[in-house]
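Below are the chains, spelled out letter by letter.
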Amino acid sequence: MDLYQWLLALHVTGAFLLMGGGVIAAILNLTALGRERPSEIVLLFGLIRVAVASILIGSLLALLFGLWLVHEAGYGYGDGWVVTALVLFVLGNAMGGAGGRRDERTAVFARELAAAGDAPSEELRARVHDPVSLALSYGSGLILIAILALMIWKPGA
Amino acid sequence: MLALIRPDGWNLPLFLHVFGAIVVFGATATLAVTGFASRRNDAHNALLARTIARAFILGVLPSWILMRIGAEWIRGKEFPSGADEPGWIGVGYVVSDGTAVLLIVTGILAGLSARRGRVMLAVPILATICVLGYAVAWFAMSGKP
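Which chain is which? The protein sequence lines are F and D, in order.
Residue 1 is where the first sequence starts when you use the numbering used here, and the numbers rise one by one after that.
Residue 1001 is where the second sequence starts when you use the numbering used here, and the numbers rise one by one after that.
It is worth saying that the hints were derived from the structure and are not from the lab.
From a predicted model like this one, the values you see are computed outputs, not experimental measurements.
Yeah, the Cβ is synthetic: ideal placement off N, Cα and C, and Gly gets one too.
A couple of the hints might just be wrong.
[Unchecked claim] Okay, the calculated beta carbon distance ranges per label pair:
| id | chain 1 | residue 1 | chain 2 | residue 2 | range |
| --- | --- | --- | --- | --- | --- |
| 1 | D | Asp1097 | F | Leu142 | 29 to 35 Å |
| 2 | D | Asp1097 | F | Glu104 | 36 to 42 Å |
| 3 | D | Arg1118 | F | Ala98 | 24 to 30 Å |
Given only the sequences and the hints, what does the whole structure look like? Please build it.
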């Protein structure tokens, strides 16, 4: 394998870890939406941490080797599809991070409720179904899909 | 640089193939993560068993089909005669067919686990083997050694 092939393989590995982590988080989050007991929310939100680790490692690999690949393949850092992908990458990470921080606060609240008798709570239910958190998290997922499409179509390249 | 040139007509099947493969990877990894977590969570074993069964039916199965349809579509465009296919295509077939058998067994065991309210250890182990297989496939198919 030459340098270009290695860079592409590592870039794609990053993309799989990043988007695959998003899929894990989405499945666990969708499951949490249907649960009432605080200890169940604690468990499901706790498992999302594995997805977050995959997302962080994948983001780093995809960005690092993606930027290197742009140079190696002879594209320009000012090309429209590259700039758009970078802007979307930053926006997606910011949205995912903001949604994740809100979910982390929900997990802390659920842990307190679980320790205090594990009774279902209307406030916990509202926090798990918080439309802002859901919009941030699922919006960042949609942005990742848009970036994948950009990487394949490379409009203007 | 020739490797970078791709006819426009190949983009949609490639997108569907890669998108399906990513969702298969994530959904199968969910079976592994949730399955191993069930070993430490007796109180919520039934919930985790149901989560695994749903992730299999609603995530793994449809995305595997999408990945495979995309694969056949792009292969038909890239190698229309079927001749002179490079080795990385073979790696893709070995992994997707091999993991399909493992996934069928995993799905049956996931269904039994949900019915019994307890996750069988074989479920996360088989899912992990599939995930490792996917990693080999995506590395081979993107790097094209």
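Here is how each hint holds up against the structure:
1. Asp1097/D / Leu142/F: 29 to 35 Å: With Cβ atoms ~32 Å apart, the hint holds.
2. Asp1097/D / Glu104/F: 36 to 42 Å: At roughly 41 Å between Cβ atoms, Glu104/F and Asp1097/D fall inside 36 to 42 Å, so the hint holds.
3. Arg1118/D / Ala98/F: 24 to 30 Å: 37 Å, violated
Going through the hint list in order, the structure does not satisfy hint 3, though it satisfies all others.
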